[in-house]
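**Q** Chain residues, written in single-letter form:
There are 2 protein chains.
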Amino acid sequence: MAQPLFSRTPLLTDNNPQATRQVLLDYFLDTFDRYESLFDTLANEEAYYKKTISLRHPLIFYLGHTATFFINKLLLVHLIDQRINPRFESMFAVGVDEMSWDDLNDAHYDWPSVSEVKAYRQQVRHLVSQLIQESPLTLPINWQNPWWAIIMGIEHERIHLETSSVLIRQHDLSYVKNHPAWQPCLQTSQAPSNTFVAIPAGTVSLGKAKDAAFYGWDNEYGQHQADIAPFAASRYLVSNQEFLAFVEANGYQQSSYWSEEGWAWRNFSAASHPTFWRKKDNTWHLRLMTQEVPMCWDWPVEVNYHEAKAFCEWLSQQQGQQIRLPTEDEWQHLYQYSGFALPAAQQTHLANLHLDHQASACAVNRFAHGELFDVVGNVWQWTETPTYPFDGFDVHPIYDDFTTPTFDDRHNIIKGGSWISCGNESLPESRYAFRRHFFQHAGFRYIATNNSANIISSRYETDKFMSEYAEFHYGDSYFGVANFSQALATLGISYMTERPARHALDLGCASGRATFELARHFQQVTGIDFSARFVQQGVQLAEQGVLRYTLTEEGELVSYKERRLADLGLDNTRHKVQFYQGDACNLKTQFTGYDLILAANLIDRLYSPRKFLSSIHERLQLGGLLILASPYTWLVEHTPREEWIGGFKQDGESFSTLDGLKAILQNHFKLISEPQEVPFVIKETKHKFQHSLSEVTVWERIK
Amino acid sequence: MAQPLFSRTPLLTDNNPQATRQVLLDYFLDTFDRYESLFDTLANEEAYYKKTISLRHPLIFYLGHTATFFINKLLLVHLIDQRINPRFESMFAVGVDEMSWDDLNDAHYDWPSVSEVKAYRQQVRHLVSQLIQESPLTLPINWQNPWWAIIMGIEHERIHLETSSVLIRQHDLSYVKNHPAWQPCLQTSQAPSNTFVAIPAGTVSLGKAKDAAFYGWDNEYGQHQADIAPFAASRYLVSNQEFLAFVEANGYQQSSYWSEEGWAWRNFSAASHPTFWRKKDNTWHLRLMTQEVPMCWDWPVEVNYHEAKAFCEWLSQQQGQQIRLPTEDEWQHLYQYSGFALPAAQQTHLANLHLDHQASACAVNRFAHGELFDVVGNVWQWTETPTYPFDGFDVHPIYDDFTTPTFDDRHNIIKGGSWISCGNESLPESRYAFRRHFFQHAGFRYIATNNSANIISSRYETDKFMSEYAEFHYGDSYFGVANFSQALATLGISYMTERPARHALDLGCASGRATFELARHFQQVTGIDFSARFVQQGVQLAEQGVLRYTLTEEGELVSYKERRLADLGLDNTRHKVQFYQGDACNLKTQFTGYDLILAANLIDRLYSPRKFLSSIHERLQLGGLLILASPYTWLVEHTPREEWIGGFKQDGESFSTLDGLKAILQNHFKLISEPQEVPFVIKETKHKFQHSLSEVTVWERIK
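Chains as they are written, first to last, in the numbering used here: chain A, 11 to 713; chain B, 11 to 713.
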């Protein structure tokens with residue numbers, strides 16, 4: 011591999027346009043050409059068209075894809091205004107997420123020839139080169155700068171450099187060949203015995219600022235802090251040798267070592283050893299990118315998350331202590347503790363990273379980083395952390411689905427990079443995540459700790475109705491209409507005057523905003539909703555302080571929202587609220603003794619509002635307040651016609667819902683304010699809103 | 011009938027509260043007691059409980075009903091705040107519209123005894139008397155005055171005085187008895203031969219002002235003018251003698267004399283002569299209210315509208331000229347021509363009206379009014395006019411279903427009053443209407459004319475969706491959002507500059523407002539909608555200048571709206587617009603050559619917007635404008651997913667509807683303005699609105 015160092019992701023803080031153009035041009039060409047050279051390891055034309063794994067396109071797609079990506083993004087930022095080859099650019103646009111088991115249909119594709127694709131790549135190469143040299147450039151290159159798309163295109167190609175190398179490694183041997191530019195490491199030996207290194211307590215502070223020095227993907231920005239309890243980390247990544255003990259202990263056959271999801275994968279895949287291991291003549295071999303070699307026992311084992319986790323569980327039982335994978339936070343702490351630092355741009359990494367050494371892993375005891383080895387590089391390290399957005403997360407406007415589809419608590423973060431992780435991938439700030447069953451050049455380090463992994467849920471609420479309510483409760487104002495839940499809580503509190511403020515009930519709390527708002531005044535507030543999914547939103551906010559959801563903008567296009575209690579000044583109410591699933595028409599006996607009960611937009615959604623209204627006094631202190639708010643939108647799908655309490659002719663006269671409320675409540679309540687209309691707005695799309703008026707009445711329990 | 015004159019409806023312009031109290035008290039007691047005395051003609055208790063006709067309650071209901079009506083209305087205006095007898099007041103509240111064939115269920119009723127009801131009436135009598143004497147009174151008594159409810163209650167009871175007398179007349183003879191206070195006329199003779207009186211042309215101006223001198227029902231207020239062509243009117247109401255010729259000519263057996271609706275009634279009822287005629291021993295007799303007498307040939311025949319109309323058709327064929335019933339306008343003209351005037355309050359009517367003479371009809375040649383007889387009184391006179399609201403019609407807030415249910419083009423107006431029509435009923439301004447098959451003390455006068463009857467449709471649009479659009483196009487503004495159709499038309503016109511303004515197309519015109527608005531500028535405007543019902547709204551506005559609809563307020567409660575082109579300054583556009591049903595995706599070839607095409611909120615409701623957009627240039631002049639407005643609310647129920655033109659990811663990138671519009675239209679159009687958002691609001695209920703933003707783009711056809 012007597013090649014010059016593969017160029018590093020450029021510093022964005024340079025203020026010399028001409029120098030920046032040159033750096034970018036080098037970075038682009040270096041990447042573009044190195045990517046193409048990877049395909050020189052394919053043995054024949056057929057290798058481009060035969061799928062390596064069933065859920066991914068064949069390699070011909072990936073050859074075209076990284077070029078097309080430049081065109082698509084440059085169009086979006088208006089650095090160019092027309093396509094080079096619309097047919098290719100449609101065909102090569104959309105890759106396949108490893109999550110999708112059923113949307114690949116070969117019939118849709120009539121791939122062009124390799125030479126056609128290579129010619130297309132030359133057109134793109136020429137166009138981007140010219141752009142970099144001639145297009146107007148204003149520094150710095152930041153998120154808003156159209157040139158961000160150029161770096162994005164390069165970094166995107168570097169990702170595919172690695173993922174394509176994995177696909178090639180998964181190809182049948184007959185389709186690949188050795189190549190001088192892609193030579194693996196030739197050294198192997200006995201594996202070292204793993205030992206623990208004690209890692210002291212500490213804190214980590216993650217997340218980049220928008221003006222950070224290097225390009226980052228959306229998920230790297232924002233803030234996150236964590237305190238780390240002390241733990242012990244394995245000095246080395248787990249080697250093939252160390253993992254063999256698990257295989258030989260029938261680890262792949264014992265469901266007790268595996269998580270439920272992991273065992274399902276094991277059964278589906280029928281795996282009995284790591285995917286790149288091959289047993290020939292009863293001897294283990296190792297599949298590298300272009301060849302099979304006798305097992306390199308001192309190299310890191312490469313497994314998916316499930317296998318790593320099963321190994322840890324087995325080891326825990328062996329050692330009688332909790333062994334697990336580190337979290338992202340723990341990995342960062344370990345990284346800081348190691349003292350490893352990135353080299354200057356022109357220096358070689360003292361790690362098996364960035365193609366600085368060879369085209370494969372190497373022994374786990376080759377690169378020492380402080381007391382540990384392979385803190386970065388060699389192979390990626392699985393973590394316990396499903397990827398999630400840092401506080402202040404935003405999608406980048408020209409690539410809004412880079413990260414967001416992985417915010418599903420099913421994609422775990424891998425850290426440290428592998429021998430082929432280049433550019434952004436090689437930075438400790440990067441946050442790549444894959445489905446837990448997926449294979450990359452990835453292995454693991456384990457830790458011993460008494461603490462369980464701190465998992466932060468990242469799920470985006472995508473159900474349209476639930477998302478609309480999340481936005482209604484915690485989102486933006488529209489048409490100048492103030493937040494409804496806040497307005498109701500404030501109004502309710504204003505009527506409390508000198509009344510005791512011990513316990514309030516928010517009945518039909520939906521996403522729970524009023525529950526939190528009431529907790530500004532009350533010692534304790536209970537939120538109850540019929541929908542367990544609504545209750546979960548409140549619970550999540552109380553526990554994690556954050557709620558994430560997508561909002562429909564137009565058709566199938568969505569935007570990504572994140573709302574935090576802290577930003578609403580509600581962080582100190584978190585410990586005062588509780589949420590329960592419950593039925594307002596049939597409330598459990600424990601829910602009683604309240605000083606205030608709020609029923610916001612509830613009564614016209616109950617199956618029997620009369621049942622609710624005629625017994626609700628039993629839950630309220632004498633002198634306590636009942637706040638009813640409703641647009642009186644009676645619909646038979648919620649409330650059978652015979653259960654409506656108003657909104658019809660009764661004995662020949664118009665009988666309004668307010669008439670009905672008065673008739674039912676008069677036995678126990680006094681109406682202490684004239685009805686007032688409080689507006690609310692629910693956003694359905696960028697262009698469509700429900701704009702309603704809720705009639706609010708305040709009732710005091712008098713007997 | 012040596013009784014004092016039955017008190018007249020009071021003058022409302024009196025400014026002496028004490029005198030007014032006295033007048034009202036007299037009017038109330040006189041009515042209340044006379045009504046009760048009518049029931050003295052019932053022969054026994056059973057007569058109260060046995061139904062006289064199947065579609066009405068038994069008379070016991072009507073005895074209670076007029077008392078309960080006072081309580082209900084007094085509660086509504088807060089002159090009282092509690093009920094006297096909730097059970098009675100529920101039972102006696104709702105009468106039965108003669109339209110309802112199926113909602114009477116005897117099982118629901120367990121009627122109280124006559125003495126119980128009479129005792130209840132005494133309670134009401136006492137309460138209302140006290141109110142009139144003691145309740146605060148501010149003059150004048152107008153619509154807003156709570157005392158309006160008192161007069162309403164009295165006038166309501168006077169209506170039931172007449173309708174109950176009809177029910178008694180329809181009762182079996184065994185249930186009724188003669189009574190000194192309710193003696194019929196004893197005089198009868200030969201009927202006079204009918205002749206024609208020439209009525210010259212003229213104009214009528216109908217409709218009361220809100221500050222009119224006498225109480226009126228909602229349908230009497232507003233304005234209506236009409237020019238009346240000369241016609242000839244029969245001097246007398248049609249007598250039993252004159253009608254006999256029709257009966258004997260087998261008029262009831264010849265479908266050709268009958269309207270379709272009339273013939274259906276004839277077949278259903280198997281009628282072969284007027285309903286109050288009885289044939290005994292081959293001799294005709296006449297059923298009066300409490301007895302049967304030998305036929306009074308010179309008295310007016312009493313029939314329903316269908317029978318009257320069939321007679322006219324028969325007579326037309328006999329005479330070889332068009333004979334028909336007068337319209338309401340023609341009746342008013344005839345009334346004015348007659349010179350008849352109401353007498354002073356203390357004087358007897360020179361007409362068989364207001365119980366001033368006896369409790370039955372009398373000879374058609376007894377009361378001369380100018381050249382004519384019985385212009386008012388004796389029996390009601392059917393007209394050709396289905397009742398409809400005058401311009402400026404409003405419902406009275408405490409009785410919103412007095413008239414509105416009859417605005418269905420199926421209730422015809424009767425004029426002139428009968429011998430028992432008292433109070434408001436006796437005034438020529440009153441506008442009572444009944445289903446055409448219904449019987450009252452009603453007959454007819456016919457006219458000879460070459461003009462067809464001018465019928466004004468009164469139908470209220472009650473379909474929720476259609477009504478919402480009517481309000482959206484022609485109704486009030488909400489949240490300060492300007493009328494959308496007007497805003498779009500104005501915007502479109504502003505882009506026309508010096509372009510020819512010959513012909514515009516409003517495609518997807520819905521209720522048609524923009525069609526009219528565009529006609530302010532264009533010589534001619536065509537409105538096209540896929541929905542024939544929408545098109546009908548535009549047609550009706552163009553033809554009649556008015557659109558009526560109900561709006562849902564809360565649950566089943568509705569309000570009644572009337573919108574007029576004239577009030578919107580659009581009256582002079584009526585002759586410039588045309589409406590057609592049509593399919594924007596498959597437009598007939600005749601629709602072409604336009605200078606402007608507006609498609610407002612259309613494209614996201616088409617089954618193939620691409621088909622529409624890719625061919626619409628063919629309908630536009632070169633240089634003409636295409637105005638598109640849409641909230642881009644793509645829904646699969648309107649547009650199959652594969653037909654969406656944007657609002658999805660395409661080749662991996664967000665592809666908005668605007669992107670789609672540009673892609674499709676670029677071959678023939680130039681976008682000549684940046685997209686702008688125009689808001690619109692659609693009211694669903696009093697408390698619920700859709701509030702949307704429509705993105706407007708203006709395109710010039712360039713090739």
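Heads up, a few of these hints could be off.
[To be verified] As a list, the in silico DSBU-like pairs of lysine-lysine whose alpha-carbon atoms are at most 30 Å apart:
no., chain 1, residue 1, chain 2, residue 2
1, B, K290, A, K698
2, B, K672, A, K696
3, A, K659, A, K621
4, B, K598, B, K693
[What the hints assert, rightly or not] Label pairs and their calculated CB-CB ranges:
no., chain 1, residue 1, chain 2, residue 2, range
5, A, E653, B, F475, 24 to 34 Å
6, B, Q660, A, E270, 37 to 47 Å
7, A, S139, B, Q660, 44 to 54 Å
8, A, N464, B, N677, 56 to 66 Å
9, B, A673, A, S487, 26 to 36 Å
10, B, Q660, A, Q263, 11 to 21 Å
11, B, F475, A, S139, 57 to 67 Å
Hints are computed from structural coordinates only; laboratory data are not their basis. Every value quoted in this text rests on a predicted model; they were computed, and no experiment measured them. By construction, the Cβ of each residue, glycine as well, lies at the ideal position given by its N, Cα and C atoms.
**Q** Give a verdict on every hint.
**A** Hint-by-hint comparison with the structure:
1. B:K290 - A:K698: 73 Å, violated
2. B:K672 - A:K696: Distance ~20 Å between K672 of chain B and K696 of chain A Cα, so the pair holds.
3. A:K659 - A:K621: 21 Å, holds
4. B:K598 - B:K693: 33 Å, violated
5. A:E653 - B:F475: 24 to 34 Å: 25 Å, holds
6. B:Q660 - A:E270: 37 to 47 Å: Since Q660 of chain B and E270 of chain A have Cβ atoms about 38 Å apart, the given range 37 to 47 Å holds.
7. A:S139 - B:Q660: 44 to 54 Å: Distance hint for S139 of chain A, Q660 of chain B is violated at roughly 27 Å.
8. A:N464 - B:N677: 56 to 66 Å: 58 Å Cβ-Cβ, so the 56 to 66 Å window holds.
9. B:A673 - A:S487: 26 to 36 Å: 35 Å, holds
10. B:Q660 - A:Q263: 11 to 21 Å: Violated, since Q660 of chain B and Q263 of chain A (Cβ atoms, about 47 Å apart) do not stay within the stated range.
11. B:F475 - A:S139: 57 to 67 Å: Check passed, 58 Å falls within 57 to 67 Å.
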